[in-house]
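**Student:** Sequence:
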Amino acid sequence: MPDQPSHNPAEHTTGEAPAPDALRADARRNRERVLEAAREVFSARGVDAPMSAVARRAGVGVATLYRRFPTRSSLVAAAFDDQLTVCAAAFDEALADPDPGHGLYTLLRKVCTTLVTDRGFETVFMAGFPASLDYDRERACAEERLAHLVRRARDAGRLREDFSPADIPLLLLAVSGLASQPPETAVPAAHRLLTYLFQSFQADPPPRPAPLPPAPTLDLSGLHRPAERP
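Numbered by UniProt numbering, the letters in the sequence shown go through residues 1 to 230 in order.
Keep in mind that a hint or two might mislead.
Listed next, with one range per pair, are the computed distances between beta-carbon atoms [as the list claims (entries may be wrong)]:
| hint | residue 1 | residue 2 | range |
| --- | --- | --- | --- |
| 1 | His102 | Ser52 | 41 to 49 angstroms |
| 2 | Arg160 | Arg28 | 20 to 28 angstroms |
| 3 | Leu173 | Leu212 | 54 to 62 angstroms |
| 4 | Ala203 | Arg145 | 15 to 23 angstroms |
| 5 | Ser164 | Asp81 | 35 to 43 angstroms |
| 6 | Arg151 | Leu173 | 29 to 37 angstroms |
| 7 | Arg192 | Ala27 | 24 to 32 angstroms |
| 8 | Glu143 | Asp81 | 39 to 47 angstroms |
| 9 | Ala166 | Gln199 | 15 to 23 angstroms |
| 10 | Pro214 | Cys141 | 20 to 28 angstroms |
| 11 | Ala27 | Ala89 | 38 to 46 angstroms |
| 12 | Arg29 | Pro50 | 45 to 53 angstroms |
It is worth saying that the hints were derived from the structure and are not from the lab.
Every residue gets a Cβ at the ideal spot worked out from N, C-alpha and C, and that includes glycine.
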């Protein structure tokens with residue numbers, strides 16, 4: 001694939017060759033710029049967006065992008081590594097919470113927030129892309145830990161007896177539908193929907209449930225608002 005003209009000054013050198021440390025620093029900056037561009041493009045257009053759109057956003061040539069990330073899967077994995085780390089930490093916090101119900105709710109709130117604010121990660125998390133052994137292992141581990149959290153909360157009497165770990169994907173699928181909305185609308189809407197549903201999951205819902213988060217500004221006209229295209 002022919003390279004495209006690059007608008008990145010760091011990719012061109014004149015005069016004396018830069019020192020190795022400077023080259024390494026430039027390489028790190030270039031890599032971060034590519035990953036930031038990938039997150040922006042994937043968040044707006046999904047992870048099936050053209051690689052050329054990522055290269056254009058980052059100001060590098062397509063061939064340069066492929067030299068650094070030979071496959072789409074490798075780019076997606078690198079772009080969303082931080083989000084996966086945040087989710088893993090959220091699982092650890094939920095497991096450490098002495099109140100199993102509160103731990104599960106807090107985990108779901110964090111996951112829902114990430115799903116609706118980052119469309120690219122929503123696709124990675126929900127649709128199983130990219131297909132790689134590392135992601136398959138990560139997903140299997142997350143599913144196992146989530147099932148453990150559900151059993152723990154159910155055994156403690158915090159969840160109704162017929163609640164199943166398979167009900168969690170139903171919740172996440174419902175919430176992920178808000179990803180097309182702008183974050184200032186999607187986040188409060190996701191929190192409100194989660195609170196509604198989680199109250200129905202409880203073994204003994206209180207006669208006076210806790211107040212719901214404020215209602216978002218959302219109407220039927222905005223249900224199919226197209227995402228901006230970087």
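**Student:** Now tell me if each hint is right for this structure.
**Tutor:** Hint check results:
Between His102 and Ser52 the CB atoms are about 46 angstroms apart, so this pair conforms to the stated range of 41 to 49 angstroms. For Arg160 and Arg28, the hinted distance range of 20 to 28 angstroms is not satisfied, since their beta carbons lie about 50 angstroms from each other. For the pair Leu173 and Leu212, the supplied restraint of 54 to 62 angstroms is violated, since their beta-carbon distance comes to about 21 angstroms. Separation of Ala203 from Arg145 is about 21 angstroms and conforms to the stated range, judged on CB atoms against 15 to 23 angstroms.
Remark: the range hint 35 to 43 angstroms for Ser164 to Asp81 is contradicted by a beta-carbon distance near 31 angstroms. At roughly 21 angstroms, the beta-carbon separation of Arg151 and Leu173 lies outside the given 29 to 37 angstroms, and the hint is violated. For the pair Arg192 and Ala27, the beta carbons lie near 44 angstroms from each other, so the given range of 24 to 32 angstroms is not met. Separated by about 19 angstroms at the C-beta atoms, Glu143 and Asp81 break the suggested range of 39 to 47 angstroms.
Our hint of 15 to 23 angstroms for Ala166 and Gln199 holds, since their Cβ atoms are close to 19 angstroms apart. Taking 20 to 28 angstroms as the suggested C-beta distance range, the pair Pro214 and Cys141 does not conform, at roughly 35 angstroms. Separated by about 28 angstroms at the C-beta atoms, Ala27 and Ala89 break the suggested range of 38 to 46 angstroms. At about 24 angstroms, the CB distance of Arg29 to Pro50 disagrees with the hint of 45 to 53 angstroms.
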